[in-house]
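> As they're listed, the protein sequences go chains A and B.
Counting along the first sequence from 1, when you hit position 32 you're at 47 in this note's numbering, and nothing is skipped either side.
Counting along the second sequence from 1, when you hit position 393 you're at 392 in this note's numbering, and nothing is skipped either side.
Keep in mind that the hints were calculated from the coordinates and are not lab data.
One or more of the hints may lead you astray.
What the hints assert, rightly or not - Computed footprint of chain B on chain A, listed as stretches where at least three residues anywhere in the stretch have a Cβ under 8 Å from a Cβ of chain B: (1) 125–138; (2) 145–156; (3) 178–185.
Even for Gly, the Cβ is constructed at its ideal location relative to N, Cα and C.
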Amino acid sequence: MARARRDPSPPPVERPPVVRSRPTAPPAAPPARRLAANEVELLDDLFGYARRRVADRATAEDLTVAALLAAGCGTGQRVDRAGAFRVLARSVAELPGILADDPDGPAMALFAQALEPGLLEGFERLDLERRRVLTLHYLDRLGPAEMAAVLGTRAAAVQSRLAASLRALERPAHAGTRGGSRRSDTTDEAINAA
Amino acid sequence: MPPEPSRTMEPGDLPELSGPADLEARLAGAAARARATRAVGGTMSPRAARDLRARLLAAASVVPMTPEPVAPPQADAEPAVADVASTPASGARRAAVRVERRRWARDEESSAAPDLAPPVAVAVTVTSTPPRPRSRRRRVWRSLVRLVALVVVVAILVGATAFASGRLAAPAALTATVVEASGAGATRLGEPMLLAAGTALQVGDTVTVSTTGSAVLGLGDSRIRLAGGSAVHLDRVDAAGVTVAQLAGRAYYRDVSTTHAPFLVTTGPVTWTATGTAFDTDREPVATGQGSGQEQVTLLAIQDAVTASGPGFDTSVPQGQRAVVYIGAATPTVAPALDAVPASALLDPWLQANGAADLAAGFPLGILDGHLQVALASPTASPSPAPFVTQPPEPTDTPFPTALDTPTPTPTLGPTPVPTPRVTLAPTPSPTPGIGSLALTATACPGGVVLDWSPYSGKGAFARYVTLRSPANEPAPPVAYPPSKTWIAQVAGTSSKGYSSDVDPQAAGPGSLYWYRTIALASDGRILAASAARGPSGGAGATLAIYGFSAFPDPNDGNLTNFSWSPIAVSSRCFTDYRIIGGAWSDDLTGVGMQVADVEGLAVGCHGKSFVLQAIRQTSFGPLVVGQSVLTPCT
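With these hints in hand, go ahead and build the complete structure from the sequences.
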């Protein structure tokens, strides 16, 4: 079993860029601008999504900015939330250390840690896609369109999967519910296969 | 306002999909707890939010995302926040540079598809069902009953939704504790109390530090480092904000709020609002004869800006600026005078020590970047000891600094500190020219002292690390190799450049306290980099016993085994994993925290076997066993 080792890489230290002075007069300061309410909300949602999957805060910020720009934020046009989450999800999935077939793994683990023991057992019995949709809906508070954009499927499929996940969670668990318990991978595989 | 095609969903938004409300509420509650996790909090800190928004706006002003004319703002795009400065911060410049590069890259790849693909052709329309027309023939009492019921239902739904999102929750209490204290006390409800590390603080407490003392207060993740002779009063400490009245002396503030909470420091009629993350404030009386009861307050904006507000003024103090304001009854307080922080001030031992603490915690140094000289300071060589103990690393998202530790730095064991609460430009230890710096922590754990150092990343033909040790009653090992004193021993060393930790098992015995220093050597014997001396550390004793360990077959599957035990209690910096060993089989319980007391369903048969549980601290050279149970047969 792999050991939980901390990343030995040195911390990312933000250093101000070298700004070279220009011979010409500096450009006029941009006018005061403000983010609209929906853009602020999207900013926070995107950053939260990225932060729960990316260990490095600076990387999460960069990806958030890129996704916001891709969504049209700041252009005065309607911001495409689903598009922003699709771009962000793709960017996250391409990061080194993120499993291509399980890009929501860190977020799912975070969500699972916070679940009550009874719910945790049910959650762990679910297959990966159902765990992902529960995580996206409850932890990341994404709507069907955004979940569909992240998962690369249709919103109707996401809704169906979410409903099935909730029904599955309602079913009683067959094992105990002691705190801190976990099952081995072989057990999970057997349960999923059943 | 036209409805948005999609928005952030809340539990209950999909009623046709929802299970029982209890299940939804439990899931939402778990999600809220997960989002509140400090390390991955879904909301940005005020600094990060400002920086990110400034970067976004700066980037947007540089890179037009669409060639079409900008459409007029929509009705729902009205400005809603007012904290976005018109002047881009340094982060904004960085973002602008990066985005500009990206734009150029895209321009070069003219055939490349735009980054944003068309949205999925699915839209969720959020509409409200129009109310049914009410019949006038219905009786009034029924209407009233229904109205009351409707109000109750709406209140419950709104309350549940708000509770799930935490929006209606009262400001959560923020943990206020003493991180380090020496010669510090507090007054609570008129009763004096002595402060020590771990003492809980309350709103209303007045913390006073003696002229030879020091203290570090932790308000959540933020820190207030108090110099000798200082005093602060805690006016407010909760998740919605921190307000501290600085009554006297000098204090260094590091705002690490994970919420959008303001951080305010008041000095008389002047309120300093942290719009940045680090600043230093000094409040001292004006010398006799120069003012009648006046005090001078000097603020240094170390990292990012601070806003000074007072009677008739509201002034921003940008990073790198010094603000001086006079308060007192003699003359009205006027706006602070600003000038650049002089270079000599950056050599102040007080600032140097704070910078070193920030560096160890992984925080940006601001204007101290490039001016830090105390990294190589020996605890015995400094003519003016650091005004406060370098504290353990503060919580941070960066992975490496959190692993470092300065668990038991007790400079008081060294030479008697010179009572110089008002730090002057005393000579400071200069780094050896051409030598880089390494971070080092020495953590006293059961079984030995764990040494963690930062890998050497500089230039030069790296050959090996060596860690030198000297007894606590002797001077710390100097930056020299090979050691010239007989009391200096080499306790760790490796030629693996990527290795960054080891154990000194000889420092476990009672009273075994040592100084440590790690040095990176070149192949020709030159010193490439060296750490500060750390310690004295050690004396944590031998491996602890883990009690109550038992192993028994899983009642649901005889091929699996369940285990339970009484959790060990050691410093989190001495614990990495539990490990269960049964003959040739072993399992590191990765992800199982120190407080966990049982584990179920491990894939090993139980009958006829015996097991041992260990608590281990991993290092580059393998685990240090800090706790162990007795060999226990399956029951």
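> Do three or more residues from the segment 145–156 of chain A put their C-beta atoms closer than 8 Å to C-beta atoms of chain B?
holds (count 5)
> Three residues minimum, CB to CB under 8 Å: does the segment 178–185 of chain A make the cut for coverage by chain B? Let me know.
The restraint on the segment 178–185 of chain A holds, since 5 of its residues have a Cβ under 8 Å from chain B and three suffice.
> Confirm or reject the coverage of the segment 125–138 of chain A by chain B under the rule of 3 or more residues with a beta carbon closer than 8 Å to the chain's beta carbons.
holds (count 7)
The structure agrees with every numbered hint stated previously.
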